[in-house]
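Protein chains in written order, with this note's numbering: chain F, 1 to 508; chain D, 509 to 1139.
These are calculated hints, taken from the structure and not from any lab test.
Treat the hints with care, as some may be off.
No more than 27 Å apart at the CA atoms, straight line, and that leaves these computed lysine-lysine pairs for DSS-like [claimed, not checked]:
#1 D:K619 <-> F:K369
#2 D:K1097 <-> D:K1073
#3 D:K885 <-> D:K969
#4 F:K427 <-> D:K668
#5 F:K436 <-> D:K885
Here are the in silico distance ranges between beta carbons for each label pair [stated by the list, open to error]:
#6 D:H569 <-> F:P202: 34 to 44 Å
#7 F:T166 <-> D:D618: 54 to 64 Å
#8 D:A669 <-> F:T450: 28 to 38 Å
#9 D:A669 <-> F:D50: 54 to 64 Å
#10 D:N1119 <-> F:T166: 30 to 40 Å
#11 D:S726 <-> F:T450: 49 to 59 Å
#12 F:E437 <-> D:V537: 44 to 54 Å
#13 F:E493 <-> D:T1069: 34 to 44 Å
#14 F:A211 <-> D:N1116: 33 to 43 Å
#15 F:G150 <-> D:H965: 52 to 62 Å
#16 D:Q1110 <-> F:A211: 30 to 40 Å
#17 D:S533 <-> F:G150: 56 to 66 Å
For clarity, every value in this text was computed on a predicted model and none was experimentally measured.
Note that CB positions come from ideal geometry on N, CA and C, so glycine has one too.
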Amino acid sequence: MENILSILVFFPAVAGLLGFVIDKESARAYGITVATIEFLLSLWLWFSFDMSNAGMQFVEVIPLIPDIGVNYYLGVDGISLFILIMTTLMTLIGMTSMSITTNIKNMIVTLLFLEMTMVGVFVALDAIIFYLFWELSLVPMLYIIGAWGGPLRVYASIKFFLYTFTGSLIMLVGMLFVAYVYHNLTGVWSFAITDWYALVLPVNYQLWLFAAFFIGFAIKVPMFPFHTWIPYAHGQAPTIGSVILAAVLLKMGTYGFVRFSLPMFPDASVMAITPVAVLSLIMIIYTAMVAYSQKDMKQVIAYSSVSHMGIIMLGIFAMNAEGISGSVFQMLSHGIVSGALFMLVGVIYDRRHTKLLSEFGGLAAVMPKYAVIFGIMLMAAVGLPLTMGFPGEFLVLLGFYQVSPIMTILGGTSIILGAVYMLRIYKQSFFGPVTKEENKVLSDLNNKETWSLVPLVLIVVWLGVYPKPVLEPIDNSVKAMLNFMDGKAITQEAKDMIKVSTSNKEVN
Amino acid sequence: MENLVYIALFAPFVSSLFAALFGMSQRQVFVGIVASSLLAISFISSALLAIHLYTTGDVIHVRLMDWINAGDLHIPFGFIVDQVSVTMMMVVTLVSTVVHIYSIGYMDHDKSFNRFFSYLSAFVFSMMILVMSDNFAGLFIGWEGVGVCSWLLIGFWYHKADVTREENPSISPSWAANEAFIMNRIADLGMLIGLFIIYWNTGSLQYDEVFAQLPYLSETILTTSAFALFIGAMGKSAQFPLHTWLTDAMEGPTPVSALIHAATMVTAGVFLVIRANPLFSMTPEVSFFIASLGTFVAFFAASMALVNRDLKRIIAFSTLSQLGYMFAAAGLGAYWIALFHLGAHAFFKALLFLGAGNVMHAMHDELDIFKMGGLKKTMRWTWLYMGLASLALAGIFPFAGFFSKDAIIETAFNEGTYVLWAILVITAGMTAFYSFRQVFLTFHGDERYKEFGIHPHEMYKYVLIAMAPLAILALVAGFGMHQYEAFITNLLPEYHMSEHTHHLVVWLTLIVSAFAIGGILLAYVKYAKGLKRDTKLENSFAYKVLANQYYIPQLYEEFITKPYKIVSEIFWEKVDLKIVDATVDNIAKTLYKTGDSTRSMQTGNLSNYLNWMAVGGVVLLVIAAISAMLV
């Protein structure tokens, strides 16, 4: 299968189109089948992926607009491979666990389209294709929040759309400028990211371009102070919307930094370390505190997810393999764990139609299975060793220590503050006596919920105990990228800052 | 031999999984029996390994698989069985086997019986990883693992509601559990930073590779890394100022207090200092700080134990105090003496706690020793056990505590740190006093429990038999000190008393024993005949300060917990909603309003359009003129 990537991108979309003619009753089963096939295809991709090759694999190039160098150009490397697999997995799991019954057919079709755009973003190697998928992903999510959301859904969905769209437009200007510079220097037009990597840009160009891309990515991540769309989006979105948003859509931002900003603008990235780190630290500490003061369970998870994205950002700008590999691993971990946590909040919301912490208490006695799975995910969220949450967070902090010990200590408070707000909600909702009459008769997880959550628990434990199958390919690609950045950097500061692993040094 | 290592390590894990299978079902006695047997298997394997090591001297080093590989960092799951880890393995598996058997009796009426065994065995597994790991990261796995198990077990009776601090100083089991977890996390950050410093300066986290690199490191790096690691140790071993969680942890079932919060987990900090002794012996400042802090905590905790009325809290304070002694020894360079006291303390302190559990079982969970008295009649064996453990704790010849504690106090003298020595001697007297105050108030004098309508009864026989190994060890362990010294100094640095100390050793011992016996006598005079309340003393300022733990928990609440909550709320309501989000919304609104108000330009009237065109033209001209002037 040479066109595996194209199949991965367009299979859900084509299946989604066919979904319109499927009977309403079987729409759900249809959706799950399609998502399963898609997931199996992505596993097949992993299976046939060459682990020792750090470069792009399964590359497909079809010229689209040759005059200006726009190509249909796809490929995966160790960094994008696992984010892609996580995308197909979380879509499948999210769809399986979904409790929505109204307009189910529309939901399934929307989700399948969303899956296309998400997979597209992570395999696109042409800036225009990347941008297309990036923007298209907004539409299904807008629809999910706007149509199935809570009372403030219109405000929330429009805020989400306009905010991220504004950022993307600035990024688009940046992309066009890179292409223009590329044309000036080489005489040909190209939007291929791999071509752009070869550009050695003067530092002031790099800084302006870094800023343009930064706004696009930072809003998506979302970095402080661009994060305020996310509490509304999560607060109003149905469970499935929050799961996909937290697990996959936010990763587009951090992935963008790794795919574009770092290799294209190494000098500017090094110069940006301090400002980005300061913003990340604010994200980590400030949003953790905001999470602590929330009264709504879902808002706690929403803010906690922002706080954890701060760790990911910190790792990307560590400029060494430990930090960046840890960061990419943390993207996966955050996707699975926060996705699972949103599903868990959905479970209780389905039963009580409220997410207010004051409504709960003593649930561990009434819903023991639910309490166990919530507890495991909580421990993964606070980065307990032997869960998936640990390797990423550990490597990020370890990596960033080389950049700045003081900032690492500040960022490390994440392990304390995370425990503070997480244990608080766990105590408030699961411990103590059962105070509310309604809670005494709640049913524990049903089969559908159990079978959606158990695989995530297994993954969380498996990749916590043995992260190697995932971490190794990531690390290979990251090392290659750092090697490349080091060679390309113009300023001495950047060369000093970018650390090439010793194993790579020997090769060169 | 390799297989034995894995059996010792994984038997508790299997036990935990097995019990977890029945975690949500009714109480099944066989779960407890299977779990205890698996723990016994782990103990036997550890013992065989110890014998092997003792006879051949071969250190066993196994590598299971890779864990984290990224950049230049390589962390395997590797385990080492050397003199230090085998000591810990023996102590951990022995005490936990006893505690498992004990729990079959103690938890017999608890509906979460099976779940309890699952947590308890999971704890032992984590503890084994902690002590057996051959690298700092593996130690950290165990470190966090025991933290989580401790969280689960302190909060085991999670259904209890929060009450005020006046009613119960620990508020509730779930509150105490969270406090313990969060305080440990604060310390863990220090530990992580220590690992980072070590990694970036030595390129590894493997003990042997790190220690081999130490001579090439600068003093600053050595000092900061040792200090950071010690912060981690301070959390696990509940050293001031991170000590408040340990007494609150007494909310957990008593077998948990015996195993985790007395014998094993809390000694992990001491273990870390001993394990990393090549590092700490190169950093005299940090070591002296450790010794001083340990001595301070020994005294500080003992002072709070003097007036406490809660059976378990008194023992918890004494644990804190004894941990202080261990740190004092380790800080002064007598690593093997610290480890010896760790082992001896594990035996008699676990015995003491299990005895306290028998009393609680008999007294229907009553903990106030002022409401007990005269229990000797009905609980002869428990009295014997607790009396014996208290003698060991007080350091009376020939019990284990005499040898180990005396060696620590001698070390303080030998190092010339006479202030530390004096404090440790005084503390030894205090230890004897509060231990026997508790014994006399519980077992002697008038039977005050009768007015509360309690009919105490002795614990089940098999439970009492299960406690016997601890009692025997508390009695005889001290006599093995010299063989142990020969064994352990194959790995740990030897420690010799100077000629001067050697001459005075009889006098030193006599002084310490005089203080200890004096403490017991004082307790006898005051409490053996019954409880006479001295209201004047109880209302004095000093008494109140001690009874309220120097008001430190209140201080933390007022100056840390509450401000954190207030600032968090300000961040959310005032900053996030009113500033950050409002700014975004205002930008959007301004754009919208600008559009709305300029819409009136679109009148469709041609002359209006012409006017605007003229305005635009003028503006452009002005801009052009200005920019021309600037250039």
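Here is how each hint holds up against the structure:
1. D:K619 <-> F:K369: Answer holds: K619 (chain D) to K369 (chain F) is near 16 Å, not above 27 Å.
2. D:K1097 <-> D:K1073: violated, 32 Å
3. D:K885 <-> D:K969: Roughly 16 Å between the alpha carbons, so the hint for K885 (chain D) and K969 (chain D) holds.
4. F:K427 <-> D:K668: Distance ~11 Å between K427 (chain F) and K668 (chain D) Cα, so the pair holds.
5. F:K436 <-> D:K885: Measuring from Cα to Cα gives roughly 46 Å; hence the hint is violated.
6. D:H569 <-> F:P202: 34 to 44 Å: violated, 54 Å
7. F:T166 <-> D:D618: 54 to 64 Å: Holds: the Cβ-Cβ distance is about 59 Å, inside 54 to 64 Å.
8. D:A669 <-> F:T450: 28 to 38 Å: With a Cβ separation near 30 Å, A669 (chain D) and T450 (chain F) satisfy 28 to 38 Å, so the hint holds.
9. D:A669 <-> F:D50: 54 to 64 Å: Since the Cβ atoms of A669 (chain D) and D50 (chain F) sit about 58 Å apart, the hinted range of 54 to 64 Å holds.
10. D:N1119 <-> F:T166: 30 to 40 Å: About 33 Å separates the Cβ atoms of N1119 (chain D) and T166 (chain F), which means 30 to 40 Å holds.
11. D:S726 <-> F:T450: 49 to 59 Å: holds, 55 Å
12. F:E437 <-> D:V537: 44 to 54 Å: Roughly 35 Å apart at Cβ, these two residues miss the hinted range, so it is violated.
13. F:E493 <-> D:T1069: 34 to 44 Å: holds, 43 Å
14. F:A211 <-> D:N1116: 33 to 43 Å: holds, 40 Å
15. F:G150 <-> D:H965: 52 to 62 Å: holds, 58 Å
16. D:Q1110 <-> F:A211: 30 to 40 Å: holds, 35 Å
17. D:S533 <-> F:G150: 56 to 66 Å: Because 39 Å falls outside the window, the suggested range is violated.
Checked against the numbered hints given earlier, the structure breaks hints 2, 5, 6, 12, 17 and satisfies all the rest.
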